[in-house]
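Listed in order, the protein sequences are those of chains A and B.
Mind the numbering: the first sequence is residues 1 to 323 in this note's numbering, read in order.
Mind the numbering: the second sequence is residues 1001 to 1338 in this note's numbering, read in order.
If you are wondering where the hints come from, they were derived from the structure by calculation, not from laboratory data.
Note that this is a predicted model, so its numbers are computed, not measured.
No residue lacks a Cβ here, since even glycine has one placed at the ideal position from N, Cα and C.
Just so you know, not all the hints are guaranteed correct.
Claimed, not checked - Label pairs and their calculated CB-CB ranges: (1) T1310/B <-> K131/A: 44 to 50 Å; (2) E1146/B <-> R3/A: 27 to 33 Å; (3) P1278/B <-> D310/A: 43 to 49 Å; (4) T1189/B <-> S134/A: 46 to 52 Å; (5) F136/A <-> T1189/B: 37 to 43 Å; (6) K1126/B <-> V320/A: 39 to 45 Å; (7) V320/A <-> S1307/B: 53 to 59 Å; (8) K1275/B <-> A139/A: 50 to 56 Å; (9) R1144/B <-> Y4/A: 25 to 31 Å.
Unchecked claim - Straight-line alpha carbon distances no greater than 30 Å define the calculated DSSO-like cross-link-like pairs of lysine-lysine that follow: (10) K1123/B <-> K238/A; (11) K238/A <-> K1275/B; (12) K1202/B <-> K1123/B.
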Amino acid sequence: MGRYLIRRTLFLILVLFIVSIITFVVFVKLPAQDPALRAAGRSPTPQLIATIREKFGLDRPLYVQYSRFARGLVPWPGLFLDEEVYFSYTNHVAVREEIYSRVPVSATLTFGAAVIWLAVGIPIGIVSAIKPRSLFDRAGMIFALIGVSAPVFWLGLLSLYVFWFKLGWLPGSGIPPDETIPQAVLAGRFILPWGVLALAFAAFYSRMVRGNLIETMSEDYIRTARAKGISENRVIFKHGLRASLTPVVTMLGLDLGILLGGAVITETVFNLPGLGQYAIRSLLNSDFPAIMGVTLFASFCIVVGNLLVDVAYAFLDPRVRYT
Amino acid sequence: MAVPLLEVKDLRVQFPTEDGLVKAVDGISFSIDPGETLGVVGESGSGKSVSFLTVMGLTRSRTAIIEGEVLFQGQDLLTLPNEEIQGVRGSQISMIFQDPMTSLHPYYRVGVQIAESIRTHQKVSKQEGMEQAVEMLNRVGIPRPEERARQYPHEFSGGMRQRAMIAMALSLNPDLLIADEPTTALDVTVQAQILDLLDRLKQEFNASVVIITHDLGVVAEHCDHIQVMYAGKIVESGDRRDVYYDSHHPYTWGLLSSIPRMDETSARERLNPIKGLPPSLIHIPPGCAFHPRCPYRFERCDQDVPSLLTSDGHHASACHLSLADKERIFKENVMARS
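The task is simple: from the sequences and hints, build the whole structure.
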């Protein structure tokens, strides 16, 4: 296990390195406005621009520019997202501060939604699988179809229109700057975003659980369990579900990793100050240090999510051993 | 004559499908006495597994049409409510399956799976259940049973897994053990070990055993009584001697002739298979289902369905040939060659 973890950590570094190079190359090649020109404000003097260019390191060769950014990716207290380099071109805030202040919002959104989609998706999947082609199964699968196909931005706006604007049951979008996250949660500001984000995933998970469980229930070892004379409920929940939830754990790890790096559309629609919103804003402003920082943070979340899934597998499935 | 342990009367199992009604089991009747070993022989799709899965109440399809009676110690299992049949399954009738590789749950320790079976039917603590499981593993000849009980199925070899399955099946001292092709997935040397083990345990546990197989060689040594099935019907049934040394049905003759011989004279001979394929169970041929493949067929065979008739009270066959013809053909064409 130890050697496996070391290997995977090296792999993680490799992935982040590749992502950083690609992000850097794409940015350099994109015909964006000169960052120095923008930072200089209105009617800048050539001297000021030159000073800024020097400060941002834009006058240096590309490999030097890249190495400045790369150095900030070393997870070491003094180096990591170094404020000298990872400093926003547009709003002049350190990328590190921005990311740290936004992670709790994205995390609250992600984990809250995950609880909902698991609590909804798994039971629907189980009942549909136990009674395939029943009325419940059909209804469940229609729900799944709608959930999977409804675009999140449409669903978000629709839910805001109905529950905030028309009915006034729930608060609208955004979090006031003076509100902490627990306060915002208590004020119900996360209910709609959670629901909208969870719907698509609940739909997907219910389909997945249904498929897995139906497949598992036709395995030989389920027949053995029945031949033992144990009750059908125990056959389903102890023998069937145990085997069919393992792939769900895999998906969950990956999905959480992806969403922690920013649920872009949901955060945009509900105006939540999370990482997804930051990513969009940085992209629209061609704010390179911010893009680099947020992209790498998102990649980091995904790779770590992946790693946790693989480690969890060793505990969930006795046949899996890492060396 | 003793009261039979299991008596099956005119059992029919049919599965409606989009292509038509599949007649998997087409009216079979038989009985098993206490302590008897019954061998059920037939090709794939002859209905041998389905009949016994139905006896266990394990027929997979929810839409299956099941008719007839399955009397176990006088009780009709087909009419029992679900909870009661669960009480019979595993404790009074238990079953082991063809593929030990996939028949054990991959996520649970072997000992736990055996203990689960025990604890389902007996009020014992977890620890007692485990102790009994270890004891059972010991009795089926698994070395270091304490250690083995804590391992997962993938750490067992095929033969060891089948032993573990047998341990599980016998853990509640059942009256009837159904072994559905118990050796098909195993190496030849392991096959013999498993069959010998079944023989020994049958004595120890005083159980009746059904061995379902497509291999006449398997049942030869280990069964008292043999019934041969074809297209959902029993075509011949009798004592081991009857079926081997005085067979009365052309299908059985075909099976006997197709057993490879290892002696000198036959070394250069080709295998002698039964020509043709087993019929579709949706369109079973009229008359005798075997007639399209039968070398001895005559006019009657594609019109009348032959009944399973006996001349001496225990040896029965379903064939229109006269008894004299059967005996003559068997002596001349089958015995002479095998």
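Evaluation of the provided hints:
For T1310/B and K131/A, the Cβ-Cβ distance of about 47 Å falls inside the hinted range of 44 to 50 Å, so the restraint holds. In this structure the supplied range 27 to 33 Å holds for E1146/B paired with R3/A, their Cβ-Cβ distance being about 31 Å. Checking the proposed 43 to 49 Å range against P1278/B and D310/A shows it holds: the Cβ atoms sit about 47 Å from each other. About 49 Å separates the C-beta atoms of T1189/B and S134/A, a value consistent with the hinted range of 46 to 52 Å.
The beta-carbon spacing between F136/A and T1189/B, approximately 51 Å, falls outside the hinted interval of 37 to 43 Å. The hinted window of 39 to 45 Å between K1126/B and V320/A is violated, with their beta carbons roughly 26 Å apart. For the hinted restraint 53 to 59 Å between V320/A and S1307/B, the CB-CB distance of approximately 57 Å keeps it satisfied. Judged by the Cβ atoms, the range 50 to 56 Å given for K1275/B and A139/A holds: they are separated by roughly 53 Å.
Between R1144/B and Y4/A the beta carbon distance is about 29 Å. The supplied range of 25 to 31 Å therefore holds. Between K1123/B and K238/A the CA atoms are separated by roughly 19 Å; this keeps the pair inside 30 Å, and the hint holds. Pair hint K238/A plus K1275/B does not hold up; C-alpha atoms about 47 Å apart against a cutoff of 30 Å. Among the hinted pairs, K1202/B with K1123/B is consistent with the structure: their alpha-carbon atoms are about 25 Å apart, no more than 30 Å.
Hints 5, 6, 11 from the list above are not met by this structure, while the remaining hints are.
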